[in-house]
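Colleague: Line by line, the protein sequences give chains A and B. So for the first sequence, this note's numbering puts the first residue at 1; every next one is plus one. So for the second sequence, this note's numbering puts the first residue at 1; every next one is plus one.
No lab work stands behind these hints, which were simulated from the structure alone. Since this is a predicted model, take the numbers as computed values, not measurements. Keep in mind that the hints are not guaranteed to be accurate.
As the list claims (entries may be wrong) - Quick list of the computed label-pair ranges, beta carbon to beta carbon: (1) B:Lys-2 <-> A:Arg-322: 21 to 31 Å; (2) A:Gly-267 <-> B:Ser-99: 50 to 60 Å; (3) B:Val-102 <-> A:Val-245: 40 to 50 Å; (4) B:Tyr-17 <-> A:Leu-249: 44 to 54 Å; (5) B:Lys-2 <-> A:Gly-133: 26 to 36 Å.
Even glycine gets a Cβ: it sits at the ideal position worked out from N, Cα and C.
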Amino acid sequence: MKKTLTANISGTVFHIEEDAYDMLQRYLGSIRAQFGGTAGRDEIMADIEARIAELFNERLDGKRQVVSLTDVEHVMSVMGQPEDFADGDAGDDAPPAGPEQAGPQQRKYKRFFRDPDDKWVGGVLGGLAAYIGMDPVWVRVAMLILVWPTGGVLVAMYILLWILVPKAESAADLLQMRGEAVTVENIKRIFEESGERLKKGSEQMASEARDLGKEWGPKGRAWSHEAGQTARRTGRDMGNVIVKVIGILFIITGIGFLMSLITGAIGLSAAAWSGGWSAGNVGALDLGGLLFQSRDHAVYLTLACFLVLAIPVIGLIIAGIRLLMDTRTPRWLGWTLSFTWLASLIAAIVIGAGLANDFRQRARNRTEIPIMQPAGTTLLLDVIGTPGTYSYNWTFDDGDFDWEDEGFMLEDGRVRAPWVEVDVQRSPDTLFHVIAIRTARGANTKEAALRAEHITYPFQQHGDSLMLSNDFTFPSDDKFRAQDVDFTIQVPVGRSIHFTPGARMIIYDVDNVTNTLDSEMIDRTWTMTERGLQDMNAPAPRSEEQHDNIPAPPDTVKAPSPIAAVVWQKPAKRRTPPRAVRPNTANVARTDMHASTTTVEARPHMMIPNLLDLVIRQVH
Amino acid sequence: MKVENTKAQMRKGVLEYCILSTLAQGELYPSDIISKLKDAKLIVVEGTLYPLLTRLKDAGLLTYRWEESRSGPPRKYYKLTTVGDKFLTELDQTWDELSAAVKKTTRKNAQR
Chain A
1 MKKTLTANIS GTVFHIEEDA YDMLQRYLGS IRAQFGGTAG RDEIMADIEA
51 RIAELFNERL DGKRQVVSLT DVEHVMSVMG QPEDFADGDA GDDAPPAGPE
101 QAGPQQRKYK RFFRDPDDKW VGGVLGGLAA YIGMDPVWVR VAMLILVWPT
151 GGVLVAMYIL LWILVPKAES AADLLQMRGE AVTVENIKRI FEESGERLKK
201 GSEQMASEAR DLGKEWGPKG RAWSHEAGQT ARRTGRDMGN VIVKVIGILF
251 IITGIGFLMS LITGAIGLSA AAWSGGWSAG NVGALDLGGL LFQSRDHAVY
301 LTLACFLVLA IPVIGLIIAG IRLLMDTRTP RWLGWTLSFT WLASLIAAIV
351 IGAGLANDFR QRARNRTEIP IMQPAGTTLL LDVIGTPGTY SYNWTFDDGD
401 FDWEDEGFML EDGRVRAPWV EVDVQRSPDT LFHVIAIRTA RGANTKEAAL
451 RAEHITYPFQ QHGDSLMLSN DFTFPSDDKF RAQDVDFTIQ VPVGRSIHFT
501 PGARMIIYDV DNVTNTLDSE MIDRTWTMTE RGLQDMNAPA PRSEEQHDNI
551 PAPPDTVKAP SPIAAVVWQK PAKRRTPPRA VRPNTANVAR TDMHASTTTV
601 EARPHMMIPN LLDLVIRQVH
Chain B
1 MKVENTKAQM RKGVLEYCIL STLAQGELYP SDIISKLKDA KLIVVEGTLY
51 PLLTRLKDAG LLTYRWEESR SGPPRKYYKL TTVGDKFLTE LDQTWDELSA
101 AVKKTTRKNA QR
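Sequences are here, hints too, so could you generate the full structure?
Modeller: Structural data, given as structure tokens:
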């Protein structure tokens, strides 16, 4: 229940709620004060009251009986601030102002300004003190005490506030800073106080004061107008300094995130454009084209992902600015950002789902390659020289794994992938067999099978020498769908296989009775026994049990722990162990292979799986 | 020197001229004048107008008559006096000269 009063405005009787009446009363009082002793003041006031009465009538429209606070606010927004009534200082572009000056409850509204009258450095703390209603001395003491433990954060914040918080330049600002109501009377008082102070100075000071006065009149009004609007926005919940600090933190965090995002994006785009086709390297953009339906898809997905991440960050910054500056974000901006974010998210999901779908089914194509059985008991495994030298390294530096993959190439519409793996197993019969297993993925098994069939790999046999390549190729139109080629060489019991140094690149985790690592298996002849591959020339361990206790021979390392394995692997960890080898060494000299001198760098082969393997074996 | 001040000064001079111009076509009630000025974005709030009208009336450029209104108190309808008419004609002329001068000057500056 609200109390209502009866008021006669310009000859019309209105029922008006008490709070509305108070506000109207203050409003009219301010306007009246604005005209001061202007001739015709009463006439102007009568005109204004008549107009107000008319506006009330329009608002009530015969349906309602009582004038409420919102009606008064409406009238004030139509008529303008008391300052607007000043003759001559007409019509600035500011939007219709709210009712803050006159309303009794708005008296306490404050705004954070830097205080030019009470400052040591930038006036930030003086203004802050005025804002939170404390003695500036205590604020400064607190600052000095806290600077040390917070380690410069406060200093940075101070500088930021110095930049962002406006200096109280007009009488209206000073009033707002102190939390006094910006009424015409108060502005006049401040103005007079300033004038007073300045008059005490020299003649020059006095004339300056007059100039200042001339300048200050309209300025003060303009400022109070603006300040009033701001106060209205901040208004209802009496935002305090904490809100501002949170705003600053939002902005700092947001900018930090955005910077790292942009840096990432720049790095990616640099990767996208560098690494052309001719260089043999594959840029990120080419890789994207291989992975997605088109290069555009890759770009879109990257863009979408970037936006999905960046927009909330931008939102954070905007929220920070909003908290800090009391500005209102234009509605279209919020809509645009929300819409863009949603669209990006959907795009990312659609493209990502399309990609995932294309990996759904796996096809495995097992082909036995017909070979001629070697004349002797030993089959030699060698590699076909690859054009150019490349390295393919797992490196283990500073605890990080880097995958260096320079052998991945695009040429003539085909992709060359350097991850062939060769395993050696026991033959089910008395013959050597070579089995190629091609795998690929696709949206359905048919597609996957087709892709697997499209994979080609080089294969040569020269006498007893079997030559495989580390590379296989597939059409780039097939896209990259986890194409892979693995060979299994089946060695019959009693027969042997010799790994030339070049084979180091392709053998992968070949099981043997001595648990010798791949890198140590090369350049040796391994014979298939009932238990597995064994190097008959190596000093055989006396028994499995004793094996753990005797010092391991250098070539049959059984690492006591994974850590030891890491230490032991050290030579292989160098980025490019220049272990240049010639395929045509004495071991292969009897084959009719071309005297190719292609240099291949030894691959410290897949150390990680080996390490894991070791651990597993230790557990057993 | 602030651009806001200069802008306000510029508008201030033009505003009186524009008020008189709106009345050149005939009698108007302050709200009509305001809506015209608002359309032109010359002023935003009504409060600005009343003191100006009173001053122009006191200077003898405007006169008004009362008219009863169905929705509220009687309204003041303003119109130009003969002095106001002459005043406006002079202002028209001055404005033409001024705007031509401004155009000429600013265009020259722009060309440079």
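Colleague: Are the hints correct? Go through all of them and say.
Modeller: Results for each hint:
One distance hint, 21 to 31 Å for the beta-carbon pair Lys-2 (chain B) and Arg-322 (chain A), holds here, with the actual separation near 26 Å. Separated by about 56 Å at the C-beta atoms, Gly-267 (chain A) and Ser-99 (chain B) satisfy the suggested range of 50 to 60 Å. Distance hint check for Val-102 (chain B) and Val-245 (chain A): the Cβ-Cβ separation is about 49 Å, which falls inside the suggested range of 40 to 50 Å. Between Tyr-17 (chain B) and Leu-249 (chain A), the C-beta spacing of about 52 Å keeps the proposed range 44 to 54 Å intact.
Taking the beta carbon of each, Lys-2 (chain B) and Gly-133 (chain A) are about 31 Å apart, inside 26 to 36 Å as hinted.
Checked against the numbered hints above, the structure violates none of them.
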